[in-house]
Amino acid sequence: MPSMNMIQSLNNALDVMMARDPDILVFGEDVGYFGGVFRVTDKLQERHGLHRCFDAPISEGGIVSTAIGMGAEGLRPVIEIQFADYILPAYDQLVSEAARLRYRSGGDFTAPITVRSPYGGGIFGGQTHSQSPEAIFAHITGLKTVIPSTPYDAKGLLIASIECNDPVIFLEPKRLYNGPFDGHHDQALKAWKDHPDAQVPEGHYTVPLGQAAVVRQGADATVLAYGTMVHVARAGIEEAGIDAELIDLRSIVPLDIETITNSVRKTGRCLIVHEASRFAGFGGELSALITERCFYSLKAPTQRVAGWDTPYPHAFEWDYFPGPSRVVEALQKLMED
Amino acid sequence: MPSMNMIQSLNNALDVMMARDPDILVFGEDVGYFGGVFRVTDKLQERHGLHRCFDAPISEGGIVSTAIGMGAEGLRPVIEIQFADYILPAYDQLVSEAARLRYRSGGDFTAPITVRSPYGGGIFGGQTHSQSPEAIFAHITGLKTVIPSTPYDAKGLLIASIECNDPVIFLEPKRLYNGPFDGHHDQALKAWKDHPDAQVPEGHYTVPLGQAAVVRQGADATVLAYGTMVHVARAGIEEAGIDAELIDLRSIVPLDIETITNSVRKTGRCLIVHEASRFAGFGGELSALITERCFYSLKAPTQRVAGWDTPYPHAFEWDYFPGPSRVVEALQKLMED
Amino acid sequence: MGKEVHNFMTSRRNITLHIPQPSARPGDQVDFSDIELPPAGDTPRPAIDASEAVLRELPFGMIRTLADDHDACGDWRPEASNGDFVAALKVMLLNRAFDDRMFTAQRQGKTSFFMKTTGEEALSAAPSLALRPDDMCFPTYRMVGWLLARGYPIRDLAHQIFNNACDPLQGRQLPILYSSKAHGFYSLSGNVGSRIGHAVGWAMAKAYRGDDSIAIGFIGEGTTAEGDYHEALTFASVYKAPVILCVTNNQWAISSFSGIAGGNETTFAAQALGYGIPGLRVDGNDTLAVWAAIEWAAKRARAGYGATLIEFFTYRAEGHSTSDDPTKYRPKDAAAAWPLGDPVDRLKDHLIKGGDWDEDRHAKAVEEAAATVKEAIKQAEGVGVLGASKPSVKEMFEHVFEEPDWRILEQRGEIGI
Amino acid sequence: MGKEVHNFMTSRRNITLHIPQPSARPGDQVDFSDIELPPAGDTPRPAIDASEAVLRELPFGMIRTLADDHDACGDWRPEASNGDFVAALKVMLLNRAFDDRMFTAQRQGKTSFFMKTTGEEALSAAPSLALRPDDMCFPTYRMVGWLLARGYPIRDLAHQIFNNACDPLQGRQLPILYSSKAHGFYSLSGNVGSRIGHAVGWAMAKAYRGDDSIAIGFIGEGTTAEGDYHEALTFASVYKAPVILCVTNNQWAISSFSGIAGGNETTFAAQALGYGIPGLRVDGNDTLAVWAAIEWAAKRARAGYGATLIEFFTYRAEGHSTSDDPTKYRPKDAAAAWPLGDPVDRLKDHLIKGGDWDEDRHAKAVEEAAATVKEAIKQAEGVGVLGASKPSVKEMFEHVFEEPDWRILEQRGEIGI
Ligand SMILES: Cc1ncc(C[n+]2csc(CCOP(=O)(O)OP(=O)(O)O)c2C)c(N)n1
Ligand SMILES: Cc1ncc(C[n+]2csc(CCOP(=O)(O)OP(=O)(O)O)c2C)c(N)n1
Ligand SMILES: [Mg+2]
Ligand SMILES: [Mg+2]
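Which chain is which? The protein sequence lines are A, B, C and D, in order.
Counting in my numbering, the first sequence runs from 1 upward without gaps.
Counting in my numbering, the second sequence runs from 1 upward without gaps.
Counting in my numbering, the third sequence runs from 1 upward without gaps.
Counting in my numbering, the fourth sequence runs from 1 upward without gaps.
Okay, chain A solo, but in the shape it has when bound (with noise of 0.2 Å):
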């Protein structure tokens, strides 16, 4: 089985699914024959053809909008934001039309799409290219929002959304692209090739929405994280030397009720990890399902690792994002209480 960072196995469920159903088209900006900022549509235009996969004008509004008429057409498509940062302009267009558009017509109109982006920071993009948008979608009825951690389950987890009758948010973790990330920075660059998770199918393959993955087993915590979290939270358990259990949820709508409850009762403490600043951030969410659904069963307060109520600083990069060291802290405080 090969080995493929993210960036190429994402290229390859495209590449796939391309071949596969011929109503499946790309574009968004810089996708076609330059194949993407971050090279994810990389060669699609060769392969599949000039209306396959083509560039887009910069109106990421346009761009949402004209796939939510292609969807309702039957068609399937499948269209890049090149940063989520830039996914707001089209917000109306996600919120009022992709996702409402099945129940305000009863079923008569859809929108199949995916919408796919990269998101989340480490990469010293600034403020605009290194938000966390998750919670601003969580929170919409009839989005579905899918997040993935490794390049295993990016290819089984895009293709299970393009398959999917319903609008998809498929937030892309860049700062994993090319390789797994703990959030030491100062240590050198690890590539994905050799990693577990980086062996990757050639074919045709899903990874469900709405199932998390206990990615390690542990009896004294739960900790809940997605994206490039839940390799900070795993560098961080093992620091703290914690037998805590790290709960990748991979998609937050559908979110996986049940492995969470299930493991928070089992070790009657939590730990939530995001990137996205804290207040009204979907740990939040979390946050109160625990409470509403395993309020007997906690020994200890849920407790909450995100980014800093501020908007994403360039030059304290590495002050804003939450760390190893934070998530020990947080780990440590947890057992304490």
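Think of the hints as simulated: they come from the structure by calculation, not from any bench.
In silico lysine to any residue, SDA-like type, Cα no more than 25 Å apart, as pairs: (1) A:Lys43 x D:Lys328; (2) C:Lys328 x B:Phe34; (3) A:Lys333 x D:Ile415; (4) C:Lys332 x C:Gln108.
Let chain A serve as the given structure and place chains B, C and D with the ligands on it in line with the hints.
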């Protein structure tokens, strides 16, 4: 002291401020000659001049972006978005520009704008005239979000928002414009007339942002609400016959964390009530904060009463709307636990 | 528009923010003198493959076929026959009968909300009949005529308006925000403008498939200020999408006159010049001109020459909706003074002049329309009006996703259904 | 653009989705043959109060003053003197020296990111010098020349680019996203296009106050596809805002050629016709033409005649940024073959011909520019390059709001500052 409904007190707030400060101007769709579809800007054009209260093109993005430019220049625009459901086309302007301008320019430029918008349901407005979008603003660092529940607070909070040097999202509970509404849609309409909170001074006064109001003292539980739900919660509390403390948050950013935690530490139980759909709504953050800060005082899991995780359905308004009976059930459950 | 610019410049001594004003407010004399109307037959009809440079004057003329003597003239006379126009007239009469009855029903509390189409009937009837069954319309909320022209059951319109147990959209939508794929009518939403890009995407999908069916999208002149509109035009132009984009310029956007959308500075059709596509400006109360413009743009789209922008110049004769009172912001008698007249009267006079119609047949058609509408609405009232009957509450939880997730299932459980 | 339409129509037998293609890709012959260039002096200069109808041809010409013989000709010759143009030339040389040095610095790891302006220097220098100190510019990220022309310290540019302890924006911004109200340079952000409406709002504020200062906003041709652009033009037209809106058409948007933004269908200046405002199309490598267009539009705005749209026709001679390699998507020698030449060379030749400049002075000016830049950057390097020095971490928590709330105070506490 004159009695005003919420439309009148908001109109009066704008009138008072336009008379005091020539840098304040008002624009938005239909706000000029006509005075706004809800009449909040009635007569302002006649009184203060064509160029101080005028109609805008149907372009929420354009309304907000030109307001930001005016604010950077030194004016204090107060803009109206006709329905909060239609703020979304301006979401990028609010998040990427208004909220970030001060930070990224090191204070060189600021956006002292106030964005007024009627929000919430209960008026048979259907899916796109009924939504409550506060959660997608609360998560954004750099934005303040204010929600009044009475004519007195509406005027004082609007004046405080206009005088604030940060961008403020000012959400007006349209179901409360003409009278207090406790969720009993089948009962006769109440007017604000003779209501104590409708006694509104003519002149300038403020209700500071970030100060919640304890609108009902109680010992056995804490209920957190804002906007329309303050009245619904009060009715629910009385019908449940439970000695609950009711806190009207009034602004969710800044949040009056002290008043909240003091109350929950005292009562040991908390119910959060909002009209927005439940998942990843602002209630999640409130529940998380209470877990983090009051865990050892909690006698029961914090509960949430909220809109269902569906779009706002026209014919099922009263099945969707979280009315007093749902508050009663939740309170009873809260006390049993 | 020249007029307005001039006023502005002379009136303006020292600098101040310019706020456009309509020519008349309540109490003033109605004044349409700034509207320049070329005579019928005046504006030439270019070839569908004409190059961009040839089309530059088009947006500043006005396509009109019906002259004051009621004859059709000029090279924009449509290929369709008077038989087609009789069909269109009947649809327009049905539309009018439906509007009148439903407006009353709202006043009687049988529904929460309604919007009339009065004065704009030609803009739904003609395109719906001129285009193919497999073409898709992305309508505004003032286009029920499209559905009527394609035989959508009036009873079902009423079911939705009453949100009763037979509501085809299961009570989820406002009255009048219809949806019917089978009738080529795309799902409406309360947001204005946000579907115009979907029309372009749909058309791109058809081209992608090599299918020669097309899309037509409508937007009000007020809503052309939304960014969505520009984005749709940009994609339509860049990819030569087989789409017809139509601006219904009925002069008003609730209480705001067209100058607040830029109508004092140039025509809405002139927007086409920024995208290098044809911009037709059409007398929207002249059913033959509307039909001809659609014929031309559709032929062009199907042949692969791409998108066309059409401005339909018309007048919103009634209030914006049942929540609106237009006498608050414009003179009472404005609609009656509209220089382009009434689309039903003008079509009727033309057909009579041509011998394909007469006063008796017209009177009978008016009666028939009223009777048909009355009967259909009676059936719907039988099922129930607003509040008296509604779909199962289960429907609130359906179609959020293809399959409900645990949240929806739990919440259904909470209210015991 | 005519050419492209033609190719398309003839090449197209059966229906398929049209995807615009550039004239040449890597390995192909560079081909600029589809660019029609009117001779210098060809396009007439209308009066600033000319009515909309008079301006309709303007966007299809091109304002050029510098003829092949290096003399300035035609009625678009600016009022400014050659002394002003010498000043502009010096700014352009400084800009070039700064770009070269910083590009190297990025390659040496002294900063994370940099963007060059090469080929577009006239578009910052001329407007910055032609406009007033109290006018405000809403720039793109390729306009450092505006700051250089107004004496913004090069050292401070370098401090920001290195994000060192003296960074004027306290480490919060990417390199090159400058901000300086004092120099009439509005805060940049990574989002393209989202400030263009702020320029219109700023200008509306000036009119509201009765102040005759104006705003100028820039946007790349690729970014004109954003809805923000249309909304800004709509407000500028409706309220006659005293603003100059400029499209920098450098033919490329990262790897996408201008056809992906609609450039194959008509000119970008033609967008102005949709709003009834003047649309000037200007040779952006002709400093005098740029200056003249700004002079005309500024006079018009100050006199209360409203907004002007200007398309500057130029070429992005280098990669999009230090992260980009243009040879991946366009021929290596494309920039060298650009038919409008190099703005520095053309201005230099003109000034020499006029006797206001000579090769020695030029060589000396080039040296001086290099020395000035070198010295300023050395000072900044003294404080520290990326990573070696940074502002106090406290700054991360400042300026979120005017006053920090408890969340920020607590979080500062968590990291003990
Ligand atoms: C995005 C959005 N903004 C505002 C509104 C409120 N609104 C409903 S109809 C309308 C006026 C539309 O005018 P126009 O586009 O001219 O269409 P017309 O009603 O004249 O057919 C407005 C502002 C809305 N529905 N959606
Ligand atoms: C809203 C938004 N979408 C996408 C991007 C990514 N991006 C950065 S520069 C660029 C190209 C801009 O091209 P153009 O407008 O022609 O400006 P130029 O770089 O040529 O000066 C893109 C797509 C962005 N920064 N912001
Ligand atoms: Mg209208
Ligand atoms: Mg460009």
